[in-house]
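Visitor: Sequence:
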Amino acid sequence: MGLEIKILGPCEIAANGEPAVLAGERRVGVLTRLALSAGQPVSAEQLLAQVWGESTATTAGKQLHIVVSKLRGLLSPHQGEDIIATVSGGYRLNLPRERIDVHLFSLLARRARAARAQGEVATADGLFQRALALWRGDALAGMTASWAEAESARLEEERLTTLEDHVDLRLAAGDHYAVVPVLTAHVEANPLRERPRAQLMLALYRASRPSEALSVYRETRRAMADELGIEPGMTLRRLQQAVLRRDPALDLDAPAQRATLSKPVIPTELPADIPAFTARATEIAWLRRTLTDTRPGLPAVAAVHGPGGVGKSALAVHVAHAVADRFTDGVLYVDLGAATAGLQPLPPYEALGRLLRSLGLDGAAIPSTLDEAAARYRSLTSTRHLLVVLDNALDAGQVRPLVPAGPACAVITTSRRIMASLDSTSHLELTGLDHADATALFRRIADPGRVRGEQEAAQQIVRQCGGLPLALRISAARVAARPDRALSCLADQLTDPDRRLDALEHADLAIRHSIAVSLQHLPREPAGHDASHAFLKLGLMETPIHTAAGTSALTGWPERRAEAALNHLLDARLLVSAGPGRYRMHDLIRLFAREQAARHLSGPVHAAAGSPTTWRKPETLP
Numbered sequence: 001m002g003l004e005i006k007i008l009g010p011c012e013i014a015a016n017g018e019p020a021v022l023a024g025e026r027r028v029g030v031l032t033r034l035a036l037s038a039g040q041p042v043s044a045e046q047l048l049a050q051v052w053g054e055s056t057a058t059t060a061g062k063q064l065h066i067v068v069s070k071l072r073g074l075l076s077p078h079q080g081e082d083i084i085a086t087v088s089g090g091y092r093l094n095l096p097r098e099r100i101d102v103h104l105f106s107l108l109a110r111r112a113r114a115a116r117a118q119g120e121v122a123t124a125d126g127l128f129q130r131a132l133a134l135w136r137g138d139a140l141a142g143m144t145a146s147w148a149e150a151e152s153a154r155l156e157e158e159r160l161t162t163l164e165d166h167v168d169l170r171l172a173a174g175d176h177y178a179v180v181p182v183l184t185a186h187v188e189a190n191p192l193r194e195r196p197r198a199q200l201m202l203a204l205y206r207a208s209r210p211s212e213a214l215s216v217y218r219e220t221r222r223a224m225a226d227e228l229g230i231e232p233g234m235t236l237r238r239l240q241q242a243v244l245r246r247d248p249a250l251d252l253d254a255p256a257q258r259a260t261l262s263k264p265v266i267p268t269e270l271p272a273d274i275p276a277f278t279a280r281a282t283e284i285a286w287l288r289r290t291l292t293d294t295r296p297g298l299p300a301v302a303a304v305h306g307p308g309g310v311g312k313s314a315l316a317v318h319v320a321h322a323v324a325d326r327f328t329d330g331v332l333y334v335d336l337g338a339a340t341a342g343l344q345p346l347p348p349y350e351a352l353g354r355l356l357r358s359l360g361l362d363g364a365a366i367p368s369t370l371d372e373a374a375a376r377y378r379s380l381t382s383t384r385h386l387l388v389v390l391d392n393a394l395d396a397g398q399v400r401p402l403v404p405a406g407p408a409c410a411v412i413t414t415s416r417r418i419m420a421s422l423d424s425t426s427h428l429e430l431t432g433l434d435h436a437d438a439t440a441l442f443r444r445i446a447d448p449g450r451v452r453g454e455q456e457a458a459q460q461i462v463r464q465c466g467g468l469p470l471a472l473r474i475s476a477a478r479v480a481a482r483p484d485r486a487l488s489c490l491a492d493q494l495t496d497p498d499r500r501l502d503a504l505e506h507a508d509l510a511i512r513h514s515i516a517v518s519l520q521h522l523p524r525e526p527a528g529h530d531a532s533h534a535f536l537k538l539g540l541m542e543t544p545i546h547t548a549a550g551t552s553a554l555t556g557w558p559e560r561r562a563e564a565a566l567n568h569l570l571d572a573r574l575l576v577s578a579g580p581g582r583y584r585m586h587d588l589i590r591l592f593a594r595e596q597a598a599r600h601l602s603g604p605v606h607a608a609a610g611s612p613t614t615w616r617k618p619e620t621l622p
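Mapping to full-length UniProt numbering: the sequence shown position 250 is 250, numbers consecutive.
Just so you know, the hints here were simulated from the structure itself, not pulled from any lab data. What you are looking at is a predicted structure, and each value in this text was computed from that prediction instead of being measured. Built from N, CA and C at the ideal position, the CB exists for glycine as well. Some clues are possibly wrong.
Unchecked claim - Here are the in silico distance ranges between beta carbons for each label pair:
(1) R463 - A122: 53 to 61 Å
(2) Y177 - P77: 45 to 53 Å
(3) P19 - E231: 45 to 53 Å
(4) A527 - Q63: 47 to 55 Å
(5) D498 - E372: 32 to 40 Å
(6) T543 - D434: 56 to 64 Å
(7) Q344 - A223: 32 to 40 Å
(8) T431 - P77: 42 to 50 Å
(9) P10 - E559: 46 to 54 Å
(10) G17 - E81: 30 to 38 Å
(11) L252 - S106: 46 to 54 Å
Just need the whole structure built from these sequences, with the hints factored in.
Guide: Put into structure tokens, the structure is as follows:
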């Protein structure tokens, strides 16, 4: 794939499909300016005037040289040493123009218009879609220099014209029903632009909604009078009269003469299924039944909840693959980000933006508020057969705007917390694997021959993983990464409580990270402080079972306060219910809590229950 530069949105660099970090306002500015003129020289004088602006620093020329050197260091490993060439009086970016989204956009739009002129409607439609899909927001987003703002405005005008050209093509092909929501959003975003208002009037008229078409004209006239003090142009006035007299000229040609657009792209966004998926037969059957049982007027919503590392995402993706062919309009997938340590969950508005773009809505036409975006999403999904997978959700508030409206749609959402307030939802609590299923999973993903050769060590490894698929995956990965070592080496590390969490780390997988996420999303002060403090204290206890009375004695709090802290930990899946008034902590979580207590509680780690300690809540628990 090589190197790609994207400026139709915030400036991004991708090398072989992977993002490369570009930091520094001036580096971004220089690269963007060179990318806009790819293959052509840009003088140093122009770069200094535009990127350095009013700066009169005598070292500006030297700074430019340093910036170019840093850019070469970033880009040349992916494209070659001459990626930024020094030419007479300046520099030139040597990158094929189709590797830069702004030039690729222009190329695709030109090809689309040429195909339309030749009557190749399906080809033109596909090219228009590809061109508009390149936009991720405002061009040169985040850049405030005057040249960048002017360039952004020029590119935005190109985008709007291309969008409207595509709409003309779709209207000519009889796609008037589908373009109404697209044009409605476009008009809202650009209220003084007459062409899309005329297109919306025509689409509504052809969709047997003439009164709404006339309402568009009245609103246009009011807006133009208020803002510009003028009447609508001749095109709109003639169109209004044609709608009033139901002019046959507004109708499409005979059906046999209509152009036919290519079939819409069906989103298939699921991550790959897990070949080693094991057991869960009861849960799979429940989830399939929930997703495919229809209820009048409502989409099917299945919420899978459980502690970190228990396999919620794997189950959701596995079942989604199994039922995907039932959903003729495709499968959407969004990772809502509540299972990644150190990162904030995806805001609902941003998640809606991703879903709307996947449904074909032009990125810049997405409404600017959460309520409007959610309404547009409901409109676009109301008649579709979609499966939507909302993975790693934080809570019901994050998920609620993302539930589609169509009764033929279905949703799988996964979370650590139970989303009891999510209406019309079926819930599945996922727990750890029993020993037999855990052994089968470990055997499938580790080397079966080595497992057979060291059955006792393999059983020891499985026991120490406590039924968590994540821990089993990490252990199997460590076994695979060390083919020269006996399984007993890993088994010995896991048996030692002081080494177990270290042994359950491999590459980007770590039990510590999974547990830390639950701590990260505890409620804010003061409830979160109490829950975090109780968590550390409970880590010092040898018993995995806890009660409000015992926690009260341990912390010195009233029993009601201790119970509230325990319930917050229960909601975060740092504890599980062990019966009425009883709470259990998983061994791996208890080891993590003990580690954190050693770091954040003063005094001896094994202080007696109820002994005074001073504790300061860390800003972020790891």
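Visitor: Does each hint fit the structure? Answer for all of them.
Guide: Outcome of the hint check:
1. R463 and A122 have their C-beta atoms about 60 Å apart, which keeps the hinted 53 to 61 Å range intact.
2. Distance hint for Y177 and P77: a CB-CB separation of about 49 Å, consistent with the stated range 45 to 53 Å.
3. Here the CB-CB span from P19 to E231 is close to 50 Å, well matched to the stated 45 to 53 Å.
4. Between A527 and Q63 the C-beta distance comes to about 50 Å, which sits within the given range of 47 to 55 Å.
5. The hinted window of 32 to 40 Å between D498 and E372 is violated, with their beta carbons roughly 54 Å apart.
6. A hinted range of 56 to 64 Å for the beta carbons of T543 and D434 is inconsistent with their spacing of about 23 Å.
7. Q344 and A223 have their C-beta atoms about 38 Å apart, which keeps the hinted 32 to 40 Å range intact.
8. Distance hint check: the CB atoms of T431 and P77 are about 47 Å apart, consistent with the given range 42 to 50 Å.
9. The beta-carbon spacing between P10 and E559, approximately 52 Å, falls within the hinted interval of 46 to 54 Å.
10. At about 22 Å, the CB distance of G17 to E81 disagrees with the hint of 30 to 38 Å.
11. For L252 and S106, the hinted distance range of 46 to 54 Å is not satisfied, since their beta carbons lie about 31 Å from each other.
Of the numbered hints given earlier, the model fails hints 5, 6, 10 and 11; all others are met.
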